[in-house]
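Peer 1: Let's have the full structure, built from the sequences with the hints guiding it.
2 protein chains.
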Amino acid sequence: MSKKVAIIGIGQTHFGELWDQSLRDLILEAGINSLKDANIDRNQINSLFVGNMSAGRFAGQEHVAALAADVLGVNAPATRCEAACASGSVAFRAAYTSIVSGESDISMAIGVEKMTDISGPGALTSLAAAGDQEWEAAIGLTFAGLYALIARCHMHEYGTTSEQMAMVSVVNHEHGKNNPYAQFKNPIAVQDVLASSMVADPLHLLDCSPITDGSAAVILASEEVAKKYNNPIWILGTGQAADTLALHDRKSFTELLATKLAAKQAFATAGADRKAIDLLEVHDCFSINEIIALEDLGFCDKGKGGKFVEAGSIKVGKELPTNTLGGLKAAGHPVGATGIRQLCDITKQLRGNAPNQVKGATKGLNLNIGGSGATAVVNILSSDIGD
Amino acid sequence: MSKKVAIIGIGQTHFGELWDQSLRDLILEAGINSLKDANIDRNQINSLFVGNMSAGRFAGQEHVAALAADVLGVNAPATRCEAACASGSVAFRAAYTSIVSGESDISMAIGVEKMTDISGPGALTSLAAAGDQEWEAAIGLTFAGLYALIARCHMHEYGTTSEQMAMVSVVNHEHGKNNPYAQFKNPIAVQDVLASSMVADPLHLLDCSPITDGSAAVILASEEVAKKYNNPIWILGTGQAADTLALHDRKSFTELLATKLAAKQAFATAGADRKAIDLLEVHDCFSINEIIALEDLGFCDKGKGGKFVEAGSIKVGKELPTNTLGGLKAAGHPVGATGIRQLCDITKQLRGNAPNQVKGATKGLNLNIGGSGATAVVNILSSDIGD
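If you're matching them up, the sequences are chains A and B in order.
For the first sequence, position 225 matches number 225 in my numbering, and the numbering has no gaps at all.
For the second sequence, position 73 matches number 460 in my numbering, and the numbering has no gaps at all.
Worth flagging that the hints you see were computed from the coordinates, not collected in a lab.
Small disclaimer: the values here were computed from a predicted structure and weren't measured.
Treat the hints with care, since some could be wrong.
Taking lysine-lysine pairs in the PhoX-like style, the calculated list, with each CA pair at most 20 Å apart, reads [unchecked claim]:
| # | chain 1 | residue 1 | chain 2 | residue 2 |
| --- | --- | --- | --- | --- |
| 1 | B | 662 | A | 4 |
| 2 | B | 705 | B | 662 |
| 3 | A | 3 | B | 391 |
| 4 | A | 275 | A | 228 |
| 5 | A | 275 | A | 315 |
| 6 | B | 390 | A | 3 |
Peer 2: Next comes the structure, spelled out in structure tokens:
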């Protein structure tokens, strides 16, 4: 049996267009919030892992982990981890592994992205670097374009409708309403989504997650340490997998193989099955991706994700509450921070004090995707330590 | 006692201006060379860690680890690790930790940088992102500028001379002569260094490591697996430390605190002392940094590094052979690959079949620096498994 690791602290900044806050300001605020939440001193941190996709292009700053250690006053080894929009999750896994290996008793994983106010190329150009530069980005294929191809195939193969995709955004905005950190708190209707500008057919503006500044942090501890703190939330299982970088190299456009592999690994290490999961955080960078996530994670049959959403099953209070605080669409998507924000939101639910609290929730699962599915990370958290 | 981990395979590309090879070509060549050297199949790799500083700015490509898994056909979790010019070393440490934690039996760490033929800002601008963007790069302080400040202080405080710094480059070129992968194989004299263009006073062109394309890979294995292979080289100790990102926040300009902390940790985990070390690989991004490294690692007294070099003690055949295959200056400095290249070169020496073989060498140490010393990694390798 592998060593047990728990989340003992969470913290984040507001997500949005934060014109008054720089990259270092964001790191400082989220990091300090997580230290306060855990009620520990920064000197107790044994290692620091920073999830960040593209501060080099967005802010002219690489070596972001050294910056984080510096501004937080954490005197510990500091490493940046990157896997495009799954950067937060690979930083989290590095912190987890550091504790399992015995190198650290307490480790901080902090995700950050400063996407507005950029010094380099535009945000969409920078984000395209998550795909294959030589075969996708160089010919003008943006991420909206990539997911539009995926959406069109899903509609063709399974009869998924624009209304079903729109419903994903509608529910996410409904959930984001009570989240004080969310970028968007306004309710929207299916007709609003369908009437919004077409970005990449069939994806409308309101099918797309926004450009966001923000940071989120979690503090992890070994079993021995975590048991001394209130409300540790345990990492029951974790999985990570890779797929081809470019979409055209895959057998199917309508499933993400890496999600399936990562989920299989996470469920196997957790020794849990899907019925035990009370809520999900999934990667709704574009509405279609939430539908595909529900299918690839095994919570509904392949091709039935649209109908699952249409039936309202993903709302808080229903069968499988998903993105209970707004997901990427409403909470915002500072790419390097998203995976950590997902873990913060699940932790709030499992502590029992979330806005939109899912009653009696004890287990939650997150799925964080890098690129168009070349990286997938799945984690299963629990309020109980498990076997 | 921590689990034992060994290097069972090494591989690299030529280092230089490789106009015919893209980022993916470099990864492919180094990765395959390391698999061949280890005599294993790519399907045996359980995890992949990529050291890369700035492919986003140099080549418009983030998500480099997914690219590497894709081109190498490695079906395993893939994470990029970054700490500026110490990116290779933090990827190496992630692979090491993955094995110690039990997550992997075999892991590949591959470093890569494609610095010529760039799509974004110039190489020096991109490299400045390793320093503090807001306090250093934004006012035009390049890395040559930062190390020039360090060199000037060292000259002032300890009487270090331009001739002594030049001697670092002279010895590195002498050592690079027999390295088939080296960017520069031409011998140079102290007078050549002093007569070369002034880049940032007191650093001349030939005090500076070059802009380089290249990739290097190591394959690590657990004790159980490694013992089945020929010539495993054991990782006796490893250490990593952080310091302030900006130079102006430090107490001293003439020592790198992170080096001292990382070395202390590496020697402690190795249970070895300095007398046991037969050869060094240190981070001679600028000649002054090799002198400071010798001091901060404790191989000569503070302020005596210049004299140590002047006496020829760092040459193969003398007291402490250093950068035996040319170091960053002559072998080249593809920033994300350098830390891994250092480990490849030590491995060759400890296997006993290096060009410029150090007779009877059983233990070697490498020091890889990120930025102006905000990150330092020290590893101690041995041909014996140790206690």
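Peer 1: So, for every hint listed, does it hold in this structure?
Peer 2: Hint by hint, here is what the structure shows:
1. With a CA separation close to 40 Å, the supplied pair residue 662/B and residue 4/A exceeds the 20 Å bound.
2. At most 20 Å may separate the alpha-carbon atoms for a hinted pair to count; residue 705/B and residue 662/B meet this at roughly 14 Å.
3. Annotation: proposed proximity of residue 3/A to residue 391/B holds, straight-line Cα distance about 18 Å (limit 20 Å).
4. For the proposed pair residue 275/A and residue 228/A, the alpha carbon gap of about 30 Å is over 20 Å, so the pair is violated.
5. Among the hinted pairs, residue 275/A with residue 315/A is consistent with the structure: their alpha-carbon atoms are about 17 Å apart, no more than 20 Å.
6. A threshold of 20 Å between alpha carbons decides the hint, and for residue 390/B with residue 3/A the separation of about 15 Å falls inside it, so the pair holds.
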